[in-house]
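**Student:** Sequence order for the protein chains is A and B. Quick note on the working numbering: the first sequence kicks off at 1 and runs consecutively. Quick note on the working numbering: the second sequence kicks off at 1001 and runs consecutively.
It is worth saying that the hints were derived from the structure and are not from the lab. Keep in mind that the hints are not guaranteed to be accurate.
Incomplete in silico selection of chain B near chain A, CB under 8 Å [stated by the list, open to error]:
id	residue
1	1132
2	1220
3	1231
4	1277
5	1283
Reference excerpt, derived from the structure (chain A facing chain B, CB under 10 Å, subset only) [to be verified]:
id	residue
6	22
7	157
8	159
9	162
10	296
Given the structure is predicted, the values throughout are model-derived calculations rather than measurements. Where is the CB? At the ideal position from N, CA and C, for every residue including glycine.
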Amino acid sequence: MTRYLTRRAATTALTLFGIVVVVFFVVRILPGDAAVLRAGPYADAARLAEVREQYGLNDSLLEQFWTYLSGVIQGDLGTSTVSNGSVTAELLQRLPASLELGLYAVFLACLIGIPMGIVAASRQGGWIDRFTRAGVIMGSSMALFWLGLLLIYFFYSRLGWFPAPIDRLPVAAEPPPHLTGLFTVDALLTGQPDLAWTAARSLMLPVLTLTVVLVAPVMKMVRQSMIETLRSDYVRTARAMGIKERDVLVRDGFRNAMLPVITAIGIVFGYMLGGNIIVETLFAWPGIGRYAYQSIQNNDLEALQGFVILVGVLYVLLNVLIDVLYGLVDPRIRIGARAKS
Amino acid sequence: MSSPVVAAASVSRPRGRNAQVLSLLRRYPMASIGVVIMSVYALTAIFGPLFVGDPLSTSPSDALAPPSSEHYFGTDRFGRDVFTRAVIAARLDVVVGIVIALIAAIAGSLIGVVAGYFGGAFDEVVMRVTDVVLAFPGFVLALILVAALGDSIPNVVIAVAIAYTPYFIRLVRARALAEREREYVDAATLAGNGRWQIAFRHVLPNSLTPAYTQAALVAGWAVLDVAGLAFLGIGIQPPTAEWGVMVAEGANDVMTGAWWTALFPGALIVALALAFQLIGDDLQGEKR
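Using the sequences plus the hints, can you model the full thing?
**Tutor:** Shown next as structure tokens:
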């Protein structure tokens, strides 16, 4: 197990290093003058020199990279070109809003997707299976921005069931004290169920939009994994021994099929991190996705670079966590890793 | 089920043709629907521009007119005919989706077969690089690439293609790893073929099957990604007639009731993506 963890840690470190390399040099592909971008088009020569000195732009690109990398390792993602604030601080301040939206969407996608996938696999060709497959195809060909816009039109503009698609709370509401940063949770913890409900109402439409797209890969992967498990020898044996079909499904099928599903949830987080840029933009949700959108609008590549690195690092660490849990749960993986190394 | 079809095919030739088509339809019902939808798009992309006017001509007095016999899809806030713009956009969106899938599939297959067949240091480097590229959600990677490269249609195509290339590298590499152990490879080696010749002439064609179905799925996702980027204001820019751009331009008007400005272009994106998904999914199901 130690050897497995060591090897995993080494490849992870390499991937994280690769993320910073890729993002840093991609952002500097264009030959534009970074000093002009920072100081503005009307800055004189003296101001430009000052800015170059301040941000180390006179150093070679490689030196700048090492400076940036050592900053990233210490949690410093650089300085925004527009606000001059710390990108790390700005992202961290917005992260809870994104987490609240994203976690509810992923949770809801699993809540719907996992049972649907299991039932579809256990009655292949039945009407639930057909419905699931249709849902998978519809979900994977859905354009998030269009779906969100239609939902806003119907449920906000026409029916008025939900509050305006702006921000996490209506203007009049006071946010709960900061405990976890998740408004619904914080409001409940401080004994304000009304406020929790208000926050939940603002969450519903964006969460629903994201869920429609996230539920498709969950259903697809659960169904696939379950079908493969149900074809296995041990399921056939269990059936031959006359064990009740429901017990076979739950004990032999579901429990073994769950391992790939855990990995699938990691992939779904990736979809979520990409999709939330569009959803947060559409619903004026003050999270990191909207921060990325605003960085693009302001041509603030430093801030965008920080966002992309944060997303890359979060995604990689999540997948490592999943792999390690997996290794802890499933002895075959540990042994496999040992045999390989 | 297939034997009567074969029998019919051997009896008379014209009936055999029909029977063949029928059996294909029956084997791939969803892909058939996908192909029908695709054909409509292809015809629109090829001939549509001959029948509609200028997608950029504005007429402020007609702004935000609802759908009518004059403006099938209504008009946007500049009084531009949404139907005209939607038809003109077909060529761009369809071509962009297919080109992205082709670039990613070709580049990924070539890299994948070399990595899988030769192995060694090149393989190790390729796998680490794909690890890094796959460490970003694809949409996020494409986003920063376009932001860095600058807004243009070729840049969007390159950016999204780069994000999808690793999928093909992995698929083809995995197949090539298995294929290189097969007898025909030994036979080709004994017959005196060079290693590169074996890799590209023998192993590559036999490793491509999973890449074909993947390409259909990727074309669908690429359409969504390009439109999504355009919606965020990067890549393809207004006033270009492109469905994602049209949805973005119409977004504010939708909230105030002019649903037609975004509904139709968005529906066209989704239906195109759906056609690719139907084809890809059905063929993938066949494989299993």
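**Student:** Evaluate each hint against the coordinates.
**Tutor:** Right, here's what the structure says about each hint:
{"no.": "1", "hint": "1132", "verdict": "holds, 3 Å"}
{"no.": "2", "hint": "1220", "verdict": "holds, 6 Å"}
{"no.": "3", "hint": "1231", "verdict": "holds, 4 Å"}
{"no.": "4", "hint": "1277", "verdict": "holds, 4 Å"}
{"no.": "5", "hint": "1283", "verdict": "violated, 13 Å"}
{"no.": "6", "hint": "22", "verdict": "holds, 6 Å"}
{"no.": "7", "hint": "157", "verdict": "holds, 6 Å"}
{"no.": "8", "hint": "159", "verdict": "violated, 13 Å"}
{"no.": "9", "hint": "162", "verdict": "violated, 13 Å"}
{"no.": "10", "hint": "296", "verdict": "holds, 6 Å"}
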